[in-house]
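Using the sequences and the hints, build the whole thing.
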Amino acid sequence: MSDLIRLLPDSVANQIAAGEVIQRPASAVKELLENAVDAGATQIRLQVKDAGKILIQVFDNGSGMSETDARMCFERHATSKIREANDLFSIRTLGFRGEALASIAAIAQVELKTRKVDEEVGTSIIIEGSKVKSQEPVACQQGTTFSIKNLFYNVPARRYFLKSDTVEFRHILEEFQRVALVHPDIEFSLFNNDKPVFQLTKGNLRQRIVHLFGSQINEKLLPVEAKTELVSVIGYIGKPETARKTRGEQYFFANGRFIRHPYLHHAVEQAFEELIPDSAIPSYFLYIEVDPSTIDINIHPTKTEVNFQNGQLLYASIRTSVKHALGMFSLSPTLDFDTEPTFDFVAPKGYEPKEPQITLNPDYNPFRKPQNFLKANAGMTPDRTGWEKMYDGIAHQQAATPVAGSNQDFQLIPGLQQEQEQNLIPESKVYEANKLFQVQNRFIVANVKSGLMIVDQQKAYERIIFERISSNAEGQAITRQRVLFPQSIQLSAVDAAILTEITEDLDSLGFEISSMGGGTFVINTLPSNMPSHEIIDFIDGLLEDFKKNRSDSADDQRIKLARIIAGNMAVKAGKTLKPEEMQQLIDELFACQVPDVAPDGSKVLKIIQVHEIDKLIR
Numbered sequence: 076m077s078d079l080i081r082l083l084p085d086s087v088a089n090q091i092a093a094g095e096v097i098q099r100p101a102s103a104v105k106e107l108l109e110n111a112v113d114a115g116a117t118q119i120r121l122q123v124k125d126a127g128k129i130l131i132q133v134f135d136n137g138s139g140m141s142e143t144d145a146r147m148c149f150e151r152h153a154t155s156k157i158r159e160a161n162d163l164f165s166i167r168t169l170g171f172r173g174e175a176l177a178s179i180a181a182i183a184q185v186e187l188k189t190r191k192v193d194e195e196v197g198t199s200i201i202i203e204g205s206k207v208k209s210q211e212p213v214a215c216q217q218g219t220t221f222s223i224k225n226l227f228y229n230v231p232a233r234r235y236f237l238k239s240d241t242v243e244f245r246h247i248l249e250e251f252q253r254v255a256l257v258h259p260d261i262e263f264s265l266f267n268n269d270k271p272v273f274q275l276t277k278g279n280l281r282q283r284i285v286h287l288f289g290s291q292i293n294e295k296l297l298p299v300e301a302k303t304e305l306v307s308v309i310g311y312i313g314k315p316e317t318a319r320k321t322r323g324e325q326y327f328f329a330n331g332r333f334i335r336h337p338y339l340h341h342a343v344e345q346a347f348e349e350l351i352p353d354s355a356i357p358s359y360f361l362y363i364e365v366d367p368s369t370i371d372i373n374i375h376p377t378k379t380e381v382n383f384q385n386g387q388l389l390y391a392s393i394r395t396s397v398k399h400a401l402g403m404f405s406l407s408p409t410l411d412f413d414t415e416p417t418f419d420f421v422a423p424k425g426y427e428p429k430e431p432q433i434t435l436n437p438d439y440n441p442f443r444k445p446q447n448f449l450k451a452n453a454g455m456t457p458d459r460t461g462w463e464k465m466y467d468g469i470a471h472q473q474a475a476t477p478v479a480g481s482n483q484d485f486q487l488i489p490g491l492q493q494e495q496e497q498n499l500i501p502e503s504k505v506y507e508a509n510k511l512f513q514v515q516n517r518f519i520v521a522n523v524k525s526g527l528m529i530v531d532q533q534k535a536y537e538r539i540i541f542e543r544i545s546s547n548a549e550g551q552a553i554t555r556q557r558v559l560f561p562q563s564i565q566l567s568a569v570d571a572a573i574l575t576e577i578t579e580d581l582d583s584l585g586f587e588i589s590s591m592g593g594g595t596f597v598i599n600t601l602p603s604n605m606p607s608h609e610i611i612d613f614i615d616g617l618l619e620d621f622k623k624n625r626s627d628s629a630d631d632q633r634i635k636l637a638r639i640i641a642g643n644m645a646v647k648a649g650k651t652l653k654p655e656e657m658q659q660l661i662d663e664l665f666a667c668q669v670p671d672v673a674p675d676g677s678k679v680l681k682i683i684q685v686h687e688i689d690k691l692i693r
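For reference, each letter of the sequence shown is one residue, going 76 to 693 in the working numbering.
It is possible that some hints are incorrect.
[What the hints assert, rightly or not] The list that follows gives simulated cross-link-like pairs (lysine to any residue, SDA-like), each with its CA atoms no further than 25 Å apart:
1) Lys-128 / Gln-184
2) Lys-238 / Gln-556
3) Lys-635 / Gln-556
FYI, nobody ran anything at the bench for these hints, they're computed from the structure.
Written as structure tokens, this is what we have:
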């Protein structure tokens, strides 16, 4: 019997390893940017085409590489960062595994140009699928330039599973922002299809945050600073009133490295407890410094997941420092009668302030009636003629208005009457309209022939709204309302990319949203039944839900958007409904095509048969 186990060829092994490190174009961007930072660059430029699928280029003015290093950097586990296992517990650089460039070279066409500052000639290397095609001297600038072309060209299955250009570029934006936020002392620029997206100059941390997320965030930031012998926490948090439903401005950095850590995120949420709604997410940019020996960053190929030796201490430090920042900047309203608000005033040259003079009338008597007023109104009597006209038609209107709770007030809509006449609705679902009542402001109970019908009011609203906007998306007439005062919303680059992607679908659902550039959007038109004052919260919720439930199919995406919109627009559980509101809800529900199933597939209503009720009370 022949042996079954064999060593894989290096090219195949590299492609398998690449699948762990390079999952999409953004993964390659992350590795190249981090290498540029580790090289001591002060200027880094990133250029991508077709969301990195066709081209990713990173230029830096760092230390560059020698001819030997340029060739060795593409070998697996070749690194300048560590020499022995103990070095893993004192890592200060971003890259150290020696897998990134080897993984990229295994699944792309790579060109490297690099030159050290003390050398006159640089080195050019071209590699395709781990095979070196050429290596020769070249005249180039100091530093390193990586050009990655046709990512996954030799792994078509991986390329097939890449998302749309908009989605892939959004991931590139996220990686770019994460690296740029840690290094405000480095100039970064990003170009997408030769168009500038970011051109960041050197500055402090606050300036870098403002440049990345827009000038409107400047007044929302509160500084955080807490230092002990074991841990240092500095950075900024957003004011409670700026917390939004959508994620995107939540950043943790440990020893200069972006990390994801739900445990520490919970510490921030606890600090904001009772200051923001349960559904809101606070913004924060927090930088943690600990002894490298107390943190393990070698638990995941992407290095975004870490373990802390003193996790509980770190949790307490973050929670305390955030609460202290919230308290220090007087978020609760206070009154101080000993101080007056100041204002900036620059006196002209030669100006001498004079004490204001107050003129008093010694003969003034506040209890004396003005003589002019008495003369002007002398002999005037009120005109009471024609008062009866104010009440013309009132009696007729009262006679025509049905009394709440009467049978006249609970007529079924024509469509529902017709469906009942045609027996389209089961007999057990024909309810007695004058016997509706609400339970715990969540359920509507109606008496039907076979027992009791219980309707979840929120899910009923969702079904009604979903079918209404779905029919609009299928080409039926759209009822819109133009906003009297168009509202604007400022989004981060990532959220702006998402909203741009779905603008056309939103238009088919009744929204008219215009991009003003720089992440600013103006809402001009809404579906007719959406309150205009809720639009900003709605957009935040829409973006957050869309991130979780995105679909590549245009039709599926439109349906999912309709589902998300219905969930956001529906009247939530806990609202007290008047009898006529309950009646209208039930009528519209049974006019739907699928009245008993919510858009998410759950049940809208349940009928409890009489014999079931009988069992419950025996």
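Consistency of the hints with the structure:
Note on Lys-128 and Gln-184: the hinted pairing holds, with a Cα-Cα distance of about 11 Å set against a maximum of 25 Å. Our distance criterion of 25 Å between C-alpha atoms is broken by Lys-238 and Gln-556, whose separation comes to about 34 Å. This hinted pair checks out: Lys-635 and Gln-556 have alpha carbons roughly 23 Å apart, not beyond 25 Å.
Hint violations for this structure: number 2 only, all remaining hints satisfied.
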